[in-house]
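If you want the building blocks of each chain, they are given just below.
There are 2 protein chains.
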Amino acid sequence: MKTGNGVIPANDWDVMITGGTLLTMSETMEAVENPSVGIKDGIIATVLQKEKQSVNSYCANETIDASGCIIMPGLVNTHTHLPMVCFRGMADDLPLMEWLNCHIFPAEASFVNEKMVFDGALLAMAEMILAGTTTFCDGYFFESKVGEAALQAGMRAVIAQGFIDFPVPDNLDSSKKMAVATRFLAKWKHFSPLVTPACFCHSPYTCSPETLANIKDAARNADVPYLIHLLENKDEIATILKRYGKKPVQHLQHLGVLDEQTIAVHCNWADQEDIAIFADLGVKVSHNPESSMKLAAGVAPIPEMLQMGITVGLGTDGCASNNDLDMFREMDTAAKVHKVITLNPTVMSAKTVLNMATRGGARALGLDQRIGSIESGKDADIILLDMNKPHLTPLYNPYSQLVYAASGADVITSIIGGRLVMKDRHLLTIDVDSAMENVRAIAANIMSG
Amino acid sequence: MKTGNGVIPANDWDVMITGGTLLTMSETMEAVENPSVGIKDGIIATVLQKEKQSVNSYCANETIDASGCIIMPGLVNTHTHLPMVCFRGMADDLPLMEWLNCHIFPAEASFVNEKMVFDGALLAMAEMILAGTTTFCDGYFFESKVGEAALQAGMRAVIAQGFIDFPVPDNLDSSKKMAVATRFLAKWKHFSPLVTPACFCHSPYTCSPETLANIKDAARNADVPYLIHLLENKDEIATILKRYGKKPVQHLQHLGVLDEQTIAVHCNWADQEDIAIFADLGVKVSHNPESSMKLAAGVAPIPEMLQMGITVGLGTDGCASNNDLDMFREMDTAAKVHKVITLNPTVMSAKTVLNMATRGGARALGLDQRIGSIESGKDADIILLDMNKPHLTPLYNPYSQLVYAASGADVITSIIGGRLVMKDRHLLTIDVDSAMENVRAIAANIMSG
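Those protein sequence lines, which keep their order, are chains B and H. For the first sequence, the numbering used here gives the first residue as 1, with consecutive numbering after it. For the second sequence, the numbering used here gives the first residue as 1, with consecutive numbering after it.
Hints in this document: simulated from the structure, not taken from any laboratory. Misleading hints may appear alongside valid ones.
Given that identical chains are not distinguished, each listed pair holds provided it fits within a single copy or across any two copies.
[Unchecked claim] Here are the simulated DMTMM-like pairs of lysine to aspartate or glutamate, each with C-alpha atoms no more than 20 angstroms apart in a straight line:
# : residue 1 : residue 2
1 : Lys187    : Glu114
2 : Lys389    : Asp431
3 : Lys389    : Asp424
4 : Lys389    : Asp433
5 : Lys246    : Glu304
Kindly generate the complete structure, drawing on both the sequences and the hints.
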């Protein structure tokens, strides 16, 4: 990061953010009071610690006054199923198998189509932008439609096409998985700097060894992330052990699908051996505490993973199991649940969690060279929170305040790749009323179905 | 509840709320679509299920359009220490004894005075009203100042004067406790229908048997609630067992302080014997999951308590250990944490938690004849939530939506005892800017101290 008072030509910046408190979330966690952040061509051009008398020496096409605000990197949601907003609150507080087999799977079989995926994803993006998320990693059917919605919303996205060994709405002939994967990756690989394609194998118990390995080959050939739900529930261990004679992580290791571009989602039942394998092979982890609490799935041993140097990103999971996409609430829960599970209040600090939701998430998705912190040369994914509110007063420690007291509703402005997507809580890329109307129509259809 | 289309004289109501969805939270959990709620002299006069053609047949001095809103009883926060907003985020993620002995106790010894208590409580009330709470039970020093702030804010309050066996800012001579208690209770007993006085003994390990019993006598004589922190941490069991030869609950039972007007706060380490004693004696419980998670204190066995018929209310605890006063977030956490602790997604439903935050809380505080549900004859403590938002769309199940997706920021209007205290998110009884300024000045003093 460049911090100084160098001479900056007038009108050199497209957007300038001035005032407030900047949390860079850089490796050194530098904070800058009363900064001036200049953005040019979508990139953070410079970060200056501005002297009051020089306020007028810089200018830009658009200047954002951040007085009384915290300026920070946009949040990175490393795991979600956006179109499932259409099922938000449809079936809660039920036993897992009843929830899946009597509600979620039948609804997906009947109502998932390209329009549902696009409309659901777009509403989810409205919700995410309003709550400070600028990058997400999604996994679902018809994933190209999520990519199209992301381009419309101006959000940064990792779109992971889903694979599973039974017929699904977008891939009725499951033998053609490789063709689907190859076509999807080729289409999106160089399509837009905002969108990164990826592959998502549902789990070791719903994908055959062949599917797991073949899809990994496709992802590896395209040099993109590969995601898998792993060790979400305890039962999975016995199931895989019985079927393949190995525990799930060792089964995947044996298939050669674990490497630095593999993101293991959940990992609630990872043991010391599993953690050692992840650390050894550079596997990344996506932590979704609220979903795993609501589904009574378990609590992942994240403190142990961090201690072993594993990269962990935070995620909300889909809206059928959370039921919102607010990463601020997710941070609060992440910080608290590990404390009570270990009966140790020091295991998961506010800074650690905020790291997980920014730089850690960016690293998990392979995007850490471009996003995750506010440093010159990085893409300008920046959010502002209005701290002039009763529940955010007084302010001793901005990290504590963001994790333990702020919520998504405190985010007022959001910039993604240098483009303003929300200003003063008005969405600039999404017609929010029609996005809500479209999803209400889908829900009405589901209810009457 | 009266639901019908009886003839209502024009202008008979002070306030009328029309439209939207009403969740009465009555014993039968009745919900009414497109209702008309009439308020007269601070009391809910009637609840009508209005036909569309008769919209104009009723009128009132003030009509509130609740289209697209959920109308529900205001939330009841059964345990907090409001003035501790002044310490919000001052010291987090620390070992419990370091937090208490190096940060909280020294700050309280140096900075707690009547002005700090009033200013802190008033800011906390702004935060609570903005998040849908209409009734709170507070315990702190100089508790009369909290009562004065509640009257200014127009909030319904149980103010519990604190007692502890070492010198504290408002009671340096600890031998005069009985006089303090008697004077406090006499002052507030019939002062205002909004304010109920109570006594708060800090804990079995900081109050002698004599203090515990004497203060209970004072509370019993005045017919008011008696609160005590109980079984918050595991250590307490060994401490009390060593000191008195009994476990904490049996120690209190032996002293005769457990009855239907006793509210045991936390109870994280209550065992089957303790729960049986609570059930037998009608002891009420205040559940504060977020605070106990953040302090790594434990998770109370609330499902078992509910099964035994114990009345449980929800609470946020103070802002030094949460760090907010948002009862919606607290409900979300309460529903989720018990699921994951028991690995059973059915143990704590959204309805159960919403009950705990409304009618259960009212019953815990002895106010269930007056508040906790929307039924004719009850005091008009009512909130409206704007459901026309991306994170609350679509709407299948209002109980799920409120617990798992809504937050305090979705509350737009609040009525307490028939008086509008917030409309369209504007506070009508508190100057929020000066409330924030006053607490910032206290915090600046603490930081420089």
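Results for each hint:
1. Taking the closest pair of Cα atoms, Lys187 and Glu114 come within 20 angstroms of each other only inside a single copy of the chain (17 angstroms); across copies the shortest separation is 67 angstroms, beyond that limit.
2. Only between protomers do Lys389 and Asp431 lie at most 20 angstroms apart by alpha-carbon distance; the minimum there is 12 angstroms, versus 27 angstroms within a single protomer.
3. When the C-alpha separation of Lys389 and Asp424 is checked against a cutoff of 20 angstroms, the pair qualifies both within a copy, at 15 angstroms, and between copies, at 16 angstroms.
4. Taking the shortest alpha-carbon separations for Lys389 and Asp433, only the inter-copy value of 9 angstroms comes in at or below 20 angstroms, while the best intra-copy value is 27 angstroms.
5. When the C-alpha separation of Lys246 and Glu304 is checked against a cutoff of 20 angstroms, the pair qualifies neither within a copy, at 23 angstroms, nor between copies, at 38 angstroms.
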